[in-house]
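Protein chains: 4
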Amino acid sequence: MKKSTTLLLCFLLTYCLSAQTPHDHGHSHSSGRKITFPDVLGYKVLKCDFHQHSVFSDGSVWPDIRVQEAVRDGLDVISLTEHLEYQPHKEDIPHPNRNRSYQLALNSAKNQNLIVVRGSEVTRSMPPGHVNAIFIEDANKLMDDDPVKVFREAKKQGAFIFWNHPNWTSQVKDGMAKLTDMHRLLIKEGLLHGIEVVNDKNYSEEALQIAFDNNLAVIGSSDIHGLIDWQYDVPEGGHRPITLVFSKDKTEDGVKDALMNGRTVAWFNNTLIGKNEFLVPLIESSIVVKEVTYSSKTTVAHITIENTSDAEFVLENQSDYTLHLHADIVNIKPNTTTILEVKTIKALDSFNMKFKVLNAVDAPKSHPEINLQFEVK
Amino acid sequence: MKKSTTLLLCFLLTYCLSAQTPHDHGHSHSSGRKITFPDVLGYKVLKCDFHQHSVFSDGSVWPDIRVQEAVRDGLDVISLTEHLEYQPHKEDIPHPNRNRSYQLALNSAKNQNLIVVRGSEVTRSMPPGHVNAIFIEDANKLMDDDPVKVFREAKKQGAFIFWNHPNWTSQVKDGMAKLTDMHRLLIKEGLLHGIEVVNDKNYSEEALQIAFDNNLAVIGSSDIHGLIDWQYDVPEGGHRPITLVFSKDKTEDGVKDALMNGRTVAWFNNTLIGKNEFLVPLIESSIVVKEVTYSSKTTVAHITIENTSDAEFVLENQSDYTLHLHADIVNIKPNTTTILEVKTIKALDSFNMKFKVLNAVDAPKSHPEINLQFEVK
Amino acid sequence: MKKSTTLLLCFLLTYCLSAQTPHDHGHSHSSGRKITFPDVLGYKVLKCDFHQHSVFSDGSVWPDIRVQEAVRDGLDVISLTEHLEYQPHKEDIPHPNRNRSYQLALNSAKNQNLIVVRGSEVTRSMPPGHVNAIFIEDANKLMDDDPVKVFREAKKQGAFIFWNHPNWTSQVKDGMAKLTDMHRLLIKEGLLHGIEVVNDKNYSEEALQIAFDNNLAVIGSSDIHGLIDWQYDVPEGGHRPITLVFSKDKTEDGVKDALMNGRTVAWFNNTLIGKNEFLVPLIESSIVVKEVTYSSKTTVAHITIENTSDAEFVLENQSDYTLHLHADIVNIKPNTTTILEVKTIKALDSFNMKFKVLNAVDAPKSHPEINLQFEVK
Amino acid sequence: MKKSTTLLLCFLLTYCLSAQTPHDHGHSHSSGRKITFPDVLGYKVLKCDFHQHSVFSDGSVWPDIRVQEAVRDGLDVISLTEHLEYQPHKEDIPHPNRNRSYQLALNSAKNQNLIVVRGSEVTRSMPPGHVNAIFIEDANKLMDDDPVKVFREAKKQGAFIFWNHPNWTSQVKDGMAKLTDMHRLLIKEGLLHGIEVVNDKNYSEEALQIAFDNNLAVIGSSDIHGLIDWQYDVPEGGHRPITLVFSKDKTEDGVKDALMNGRTVAWFNNTLIGKNEFLVPLIESSIVVKEVTYSSKTTVAHITIENTSDAEFVLENQSDYTLHLHADIVNIKPNTTTILEVKTIKALDSFNMKFKVLNAVDAPKSHPEINLQFEVK
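Chains as they are written, first to last, in this note's numbering: chain L, 1 to 377; chain D, 1 to 377; chain W, 1 to 377; chain G, 1 to 377.
Mixed in with the good hints there might be a few duds.
[To be verified] Which bits of chain W does chain G cover? Going by a derived footprint, with three or more residues having C-beta under 8 angstroms, they are:
{"no.": "1", "region": "51 to 58"}
{"no.": "2", "region": "71 to 81"}
{"no.": "3", "region": "220 to 228"}
[As the list claims (entries may be wrong)] Here are the simulated DSSO-like pairs of lysine-lysine, each with C-alpha atoms no more than 27 angstroms apart in a straight line:
{"no.": "4", "chain 1": "D", "residue 1": "K90", "chain 2": "G", "residue 2": "K141"}
{"no.": "5", "chain 1": "L", "residue 1": "K333", "chain 2": "D", "residue 2": "K365"}
{"no.": "6", "chain 1": "W", "residue 1": "K365", "chain 2": "G", "residue 2": "K346"}
{"no.": "7", "chain 1": "W", "residue 1": "K377", "chain 2": "G", "residue 2": "K173"}
{"no.": "8", "chain 1": "G", "residue 1": "K173", "chain 2": "W", "residue 2": "K178"}
{"no.": "9", "chain 1": "W", "residue 1": "K90", "chain 2": "L", "residue 2": "K110"}
{"no.": "10", "chain 1": "L", "residue 1": "K377", "chain 2": "L", "residue 2": "K297"}
{"no.": "11", "chain 1": "L", "residue 1": "K333", "chain 2": "G", "residue 2": "K346"}
{"no.": "12", "chain 1": "G", "residue 1": "K178", "chain 2": "W", "residue 2": "K354"}
{"no.": "13", "chain 1": "D", "residue 1": "K178", "chain 2": "L", "residue 2": "K297"}
Worth flagging that the hints you see were computed from the coordinates, not collected in a lab. Glycine included, every Cβ here is placed at the ideal spot set by N, Cα and C.
Please work from the sequences and hints to get the whole structure.
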């Protein structure tokens, strides 16, 4: 008996001496998958995914994988928002502590330049459907049969609360997001601050209209249960949906302030969705005019443009000048340089052009217009 | 002396016995680069490049390379259109036979399912600028100081004649294609039948308007001098500009008839340019609806679409139904299957949707609209 | 109170009606990553990974992810071998049932053509170090301070038992696998049947010698804790280490019989490791001679070879004939066709050639030799 | 008449004002295809292709394409070696000047940091077969029925003369390079200085033996007639065969001196072929040891190696130490960093290891051995 106890002790000592995760001989590099957008308007443009699951509700990974995925994707802020009421793994993970997922993610994110925000998914039938409360203080206190009480408790804790997948066909069979009286009440009482216009692979034009009509922050989330890499074909160039948050700084307070004031854009399937006032400067900052010249014998301006963002912009020329290398639609590949040639009829010292940005949405069926200014060298 | 003659004879015999090109141990496969579009309207949709150069004018390759490039690109018809008047290699290739390039290409194309059409580039200052005469009988007879005489001779030979790069900045400094009196005269006399709306990497909206105003066939050409693979980044997925010809059959006569009757679409930088009457059926035939279903609990239609063409279509939803997986812009990747989900509010037996096709141009700043019909299974 | 209970019920009903994993709109295809080797010697060559972890010991995923990874990799058999004694997640997953991981994986693998074998990792300091017991009946009965008792219990249950990472530097600082008296005893008593020659990214030549000296089955395992895709750079063409098992059929019994009789080859980092008697037929079956011809004028044989396996073979020519397209080293790319040309001096009706297979190991520093037979057409 | 002359003049002026190749709007970048090897032994290691054809004999491109291909491949020196006696295009290119191809290439290479060397292919039946004379002064003077006279004239002009494809099956049906009395005479008289061990896709072990037995420089050449990109699948990572020349400087004189003194290595299909005295330092310079450490608790050395060359080295461990991450064969990918782990049993301050380099050939069936020195940090 004594001998075997010694053996066991030896073993445990061995473990302590060895690395935390045994046999792990190095990770592959998180190569070119990091999501990049420029800062703008004096704000940090933070990449955030506020809706994710782990084994602590109905997800399939431990919280550390969510942290590693986020680091690989270059995210700034995440929240693990376990279902409070739906705990399919509770036979194996029976404890009542709804803050546990957050604690584990927080610990895993140490030294990673990644903010982890405490959150929970309040998981109810419609209305109100599912909502996320993030920036809360204690998830356990959100457990109550009456959903309105839950919202009030969340508000008391200082939460930012947003409506999840209002278009979810399991709850609305036609997939059409619609406000109910309960939602109107919640909004009126300041208990609902945002709405998912994008959830996983779904986009809702109706949700966008609801956001604008009710001054709710536009949110895009992965709602990931399995693996980000598989769900969004990341190795083939896909990306998860996220919310770009225009924050004064990279702090929890900054992010919360930005959310509460609706300074967000959703980034989904190469599409930017949000208010015109944020979309236009974001896109104009992404597209940097590097050089404009005329060859001495022509009046065709040769323009070098650099796209510093991850978006492939699809621009529609709205100006009177016609293009020499394109029809009126121009694709601007991400993180690369593109040449435009513009027939200005006369040699000019400077000129500007307007483009509609077709892969950006500033209202249902509406695309923002940017203005590019060209100074000839 | 006799011995060395024998040696020489031995050598020549060796060459005759060995393969035509010595030391050539097999070519790499012309893999996925073949340009594909479906046949439509009872026509063969033939891939044609009617404007190319070889060493017999100012190009850098022997005609056999032009044939091999065309075979790799899956073209149906080519023409080598050497400059009649511009012969920078004439110090080395002095002979006066302007048909020579055609003859060599024709010989090289044997057994290749590739039609080679006899053509020439009439190379004049503006007006009339450069024009190509194809389907001619003898290029040598097109040599005359008076360009109008040349047009008349070409017509006599039965040529299809088109205006090359009317937007070429070496001849029009502002790059704006404009008709001159001489062009009007040529058109009136039936001496000009087509116009390059696309030449190499240039597109001209003004040329497209001229084509429509004057009933000229829309032409897209590479005007290649160097190598197709380098000029259009073919290994990275690029393609040369071509003319899609809607021909009764794959014969010279069929192609000429189609050209004379303006049954053409230019294919350039992932953009289709031409008359609405050809664009719409071409695109509607390219996009095949495979299956439409509702899951039993929802009224969101799940649609599987197959794009059988090489074009990545950029569609803008014009219908009242909103989409569940996309905003109003939908990218349909080439030669692959795409899923659309449509919120039809009620479960329907069939419905249709209209989309504007943004990467197709049916007039300056105008995009054709297609109609997709969905029969629910 | 009653109302909110109804709400809760409604919600739960909603969940039952919706798909099992909510919001999952389809997975990307498990494309070309499936590991393929031909069957041979009348055996099925089964792809097996017998050493894996989930959240039920120190892994980072729920068992369903292990099943999905295996399906994507085209595996035939897996075992989740949680540490019996090392349970770092026990604060969250406190239950004492060591069979739980197996049960969840088994359920997840339904309808997947994937065999899940019950197993456990006995996790002790050296000696004996860590061992896996698979094909057991009840993992819970393997909990005992005395490791030898554990082995005996496992044997009683019919287990196949193998020594894990005998070269693990946390237990042997020099990384040199060495038998101890305890191991000799275990082997003598029939309590140890296999040994990991490959664990994760490590290979042990010394372990291979121990396997051969003691008639232990050669095992290669991933010992995965995180994600297979990240750990082995799968999107870039990497693969996890596995054991190829030469089994009479694809059944648990067949696999166990094969293991007990040492019919295995490890597949690691493009290297095949095992007994010559299995390596040689496996490789000879992988390389299919499709056609052998002479051109009429030469005595250089032109040979078309198809590699039907996932291995890139590196062959060293051992025959007297020299090659026309290669030096003595020939790379045979996986799942593709390769041309060899052989200078046979005279035109032959048939001939054979011997090659050493450098990416296969049949003993420390030894590579098997294959014989390819060529029948001239 | 006068008017049309003016038109013609206008046109020509237009051409002069426009760029040399009209309508050429920029080339794609010659991206990662440049062939790279480090300088070594105080020599510049120059990348040279001394055997190429253009339309001036039986090739299919104008000389400018050969220059552009060379620039894209990062070559330092090329020679266009047109057949003196075989002029299949002479109906079109009738002039007698055999220096013309060189002159055009030289002009095209201006400002390109590419040396163009004057050369010719003497094209005879066997013996002597085909030979290239490069560094000549006047190709026209090499036209004579008596091949020996040609060699003497070439020598008089200061030529470096090498035997082309001695294994060419059109001249030796068994593909076995063999010296004849005529070759022995030529060598004895100092009229033959090198031999192609590699021509296009063929390698000749017998030619390598002849090179070593007769002190001839080892040469590898493309003998390209068509396009380099197609013949060697360059977009898929292939490369043309070249000769690496160990030259005092990047000058014609330096190259010629190196060739005359046999300081060459052939680079073919990822294989380096040449004398041990050049191979070993070239490979040892290509593989840079960046860092060697022990983790505090182990005696397994962790080594970071950088391969600065384009060769994927296949190393076979010849030392007594065994490896922790590999069997005895190690692949070192080109232009990247590789980790080796070595079990040194004791912690050492420094140690060395020998590896056989399997993708290098220093004699028929022989591979050079390199020594890597590791200083522990």
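Cross-check of the supplied hints:
1. 51 to 58: violated (count 0)
2. 71 to 81: violated (count 0)
3. 220 to 228: violated (count 0)
4. K90/D <-> K141/G: With a Cα-Cα distance of about 24 angstroms, the restraint between K90/D and K141/G holds, given a limit of 27 angstroms.
5. K333/L <-> K365/D: holds, 22 angstroms
6. K365/W <-> K346/G: holds, 22 angstroms
7. K377/W <-> K173/G: Roughly 19 angstroms separates the two Cα atoms, so the pair holds.
8. K173/G <-> K178/W: Since the Cα atoms of K173/G and K178/W sit roughly 57 angstroms apart, the hinted pair is violated (cutoff 27 angstroms).
9. K90/W <-> K110/L: Status holds; Cα separation ~22 angstroms.
10. K377/L <-> K297/L: holds, 15 angstroms
11. K333/L <-> K346/G: Since the Cα atoms of K333/L and K346/G sit roughly 54 angstroms apart, the hinted pair is violated (cutoff 27 angstroms).
12. K178/G <-> K354/W: holds, 25 angstroms
13. K178/D <-> K297/L: The hint holds at about 18 angstroms.
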